Amino acid sequence: MHPAFSVLVFTVMSGAGYGLITLMALGHLLGLPQLQDSSVLLTGGVVSFVLISGGLLSSTLHLANPKNAWRSFSRFKTSWLSREAVFAVLFYPFVLGYLTNIWVNGAEVNAIAQLTGFGAALLAMVTLFCTSMIYASLKTIRQWNTSLTPVNYIALGLMSGSLLLAAVQASVAGDLSSVLHNLAIGLVVLGAVVKLIYLFWIGKPAGSTINTATGFTQASVRLLDQGHTSNGFLNNEFGYTLEANKLMRLRVLMVGIAFVMPFFLLLTSSAGLLALAAILTIIGLLVERWLFFAEARHVVRLFHGDQRV
Amino acid sequence: MKLGLVVDLDTCVGCHGCATACKQWNTSGTIGPLSDKDPYGKDPNGAWLNRIRTYEVDDHPNSKTVNMPLSCMHCDNAACVTVCPTGASYKREEDGIVLVDQDKCMGCNLCSWACPYGARELDPHQGTMKKCTLCVDRIYDERLPEDERKPACVMTCPTKSRVFGDFDDPNSEVSQLVRDRAGKQLMPELGYEPVNTYLPPRNKPVVETYEPKSIKATVKGWVNKVIAR
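Sequence order for the protein chains is A and B. Letter 128 of the first sequence, counting from 1, is numbered 128 in the numbering used here, and no numbers are missing. Counting the second sequence from 1 gives a position; the numbering used here is that position plus 309.
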């Protein structure tokens with residue numbers, strides 16, 4: 001699949017924002033002592049708000065006919081993209097209510113904070129799940145059509161959110177919270193495990209072949225002619241191919257930047273290095289999302305001569 | 310009604326006549342222009358609703374060239390319709406034709422991702438998704454003579470490899486062809502239940518080929534013949 005930059009930015013940034021607001025709101029409402037500081041909560045809230053809104057705006061950039069984007073709320077019953085749009089908008093009144101309440105009443109946990117905070121946390125996770133299901137529901141791309149896809153999206157969103165939360169808390173409050181620090185380390189390890197399982201799983205050959213695509217299942221089939229002299233929409237959208245050696249290098253780079261380096265930076269327990277770890281993770285996740293697209297092989301490729309996907 | 314096409318892979322000669330007739334008819338049809346980008350330049354690109362690819366099936370001396378036209382299969386279980394967030398993609402109850410409402414499409418490409426047959430192409434100028442309409446603006450047009458109420462690709466096919474009809478009617482020409490010639494659906498394992506059906510090539514005797522032997526083998530053959538007498 002052709003990796004569209006606007007979609008990479010959208011999924012990584014909004015994933016981190018949703019992860020951050022979820023962990024922060026839960027920590028605050030469940031009484032984590034380091035998160036009872038209104039300046040920490042407001043900073044975290046604004047960071048998450050900017051990431052989510054920037055991501056959502058970026059997502060509209062890949063539309064070829066954006067003037068009809070408002071119609072995307074209309075097929076909630078069948079379309080995961082529609083569900084994502086509805087929940088993404090529904091999230092806003094909750095998060096704005098939650099942050100306004102902190103602005104006015106401080107970090108005190110009152111009824112408004114509980115209603116809006118738990119609501120925002122729940123809707124953030126539901127939106128992230130809907131985003132992942134857009135990909136996981138496509139039977140045409142076997143690398144995406146797996147329950148590992150939502151697990152990856154949610155685990156990596158929470159992971160990058162936890163790093164951001166630890167960095168915000170450490171830089172605003174001045175001292176490091178050991179709970180948030182340990183949570184970030186745990187989620188980085190979890191994210192790495194989940195990603196490695198995914199990479200191992202997509203390596204196994206499975207799915208449709210050129211034989212099932214053309215109906216000639218008892219003989220070999222080779223493409224003689226694509227039927228056109230230059231690339232069309234299908235080639236550009238689905239024909240993206242990456243050389244095996246580059247793929248391996250990018251995978252190593254991705255695991256290094258997104259998981260290994262942040263893990264070691266977290267072990268140092270320094271506030272400045274925590275911020276660096278959060279930024280590195282987000283850059284690493286951009287590479288991860290790029291690979292998620294580049295490694296996905298659509299079955300249309302079979303008609304263009306690939307023997308298997 | 311379940312309208313669709315039968316494509317005979319035995320007789321299709323790969324002339325691309327169906328694709329050009331389709332482009333010609335539909336560029337001024339209900340779904341508006343089928344635009345091209347840089348049509349006379351070095352790297353032309355444009356929306357086509359029908360593509361013909363050519364394959365070599367099996368190995369020498371049993372190999373066969375197969376031309377395979379692909380357009381929308383008007384699937385019974387059309388995922389392109391369920392994934393559409395705007396409601397632009399829809400499947401008609403009355404005849405099963407899958408269409409895109411050009412006034413509602415926002416060009417997100419998700420339906421083309423959901424389609425395993427590459428039947429949907431984004432219009433490079435309009436930014437909306439284009440696909441085969443089964444010439445819905447021809448087949449119901451009562452001003453046309455009755456035998457011309459067929460899709461443009463079917464009308465133009467010089468070898469009559471494309472047949473249009475109702476798959477729900479067991480006595481229609483398409484249903485009979487599917488029964489008699491063991492019609493196949495493409496990628497049935499994905500469960501889209503495509504309506505369009507492909508008739509596999511008939512088995513024909515292998516054409517004998519002359520393979521020159523070495524002089525030694527030829528002389529040996531002569532000697533063997535003489536001795537046998």
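Bear in mind the hints are in silico, worked out from the structure with no lab data behind them. Since we're looking at a predicted model, the values are computed, not measured. Yeah, the Cβ is synthetic: ideal placement off N, Cα and C, and Gly gets one too. Check each hint, because a few of them may be wrong.
In silico lysine-lysine, DSS-like type, Cα no more than 25 Å apart, as pairs [to be verified]: (1) B:Lys493 / B:Lys373; (2) B:Lys311 / A:Lys139; (3) B:Lys400 / A:Lys77; (4) B:Lys346 / A:Lys67; (5) B:Lys469 / A:Lys67; (6) B:Lys493 / A:Lys139; (7) B:Lys400 / B:Lys332; (8) A:Lys67 / B:Lys413; (9) B:Lys413 / A:Lys77; (10) B:Lys469 / B:Lys311; (11) B:Lys400 / A:Lys139.
Short, incomplete list of chain A residues facing chain B, as computed with Cβ under 8 Å [as the list claims (entries may be wrong)]: (12) Leu63; (13) Val221; (14) Val299.
Going down the list of hints, with the structure as the test:
1. B:Lys493 / B:Lys373: holds (18 Å)
2. B:Lys311 / A:Lys139: With Cα atoms ~24 Å apart, lysine 311 of chain B and lysine 139 of chain A stay inside 25 Å; holds.
3. B:Lys400 / A:Lys77: holds (16 Å)
4. B:Lys346 / A:Lys67: holds (21 Å)
5. B:Lys469 / A:Lys67: Distance ~43 Å between lysine 469 of chain B and lysine 67 of chain A Cα, so the pair is violated.
6. B:Lys493 / A:Lys139: Cα-Cα ~20 Å, so holds.
7. B:Lys400 / B:Lys332: holds (22 Å)
8. A:Lys67 / B:Lys413: holds (9 Å)
9. B:Lys413 / A:Lys77: Answer holds: lysine 413 of chain B to lysine 77 of chain A is near 17 Å, not above 25 Å.
10. B:Lys469 / B:Lys311: holds (21 Å)
11. B:Lys400 / A:Lys139: holds (19 Å)
12. Leu63: Holds: closest Cβ of chain B sits about 5 Å from leucine 63 of chain A, inside 8 Å.
13. Val221: Holds - the Cβ of valine 221 of chain A comes within 8 Å of chain B, reaching about 5 Å at its closest.
14. Val299: holds (5 Å)
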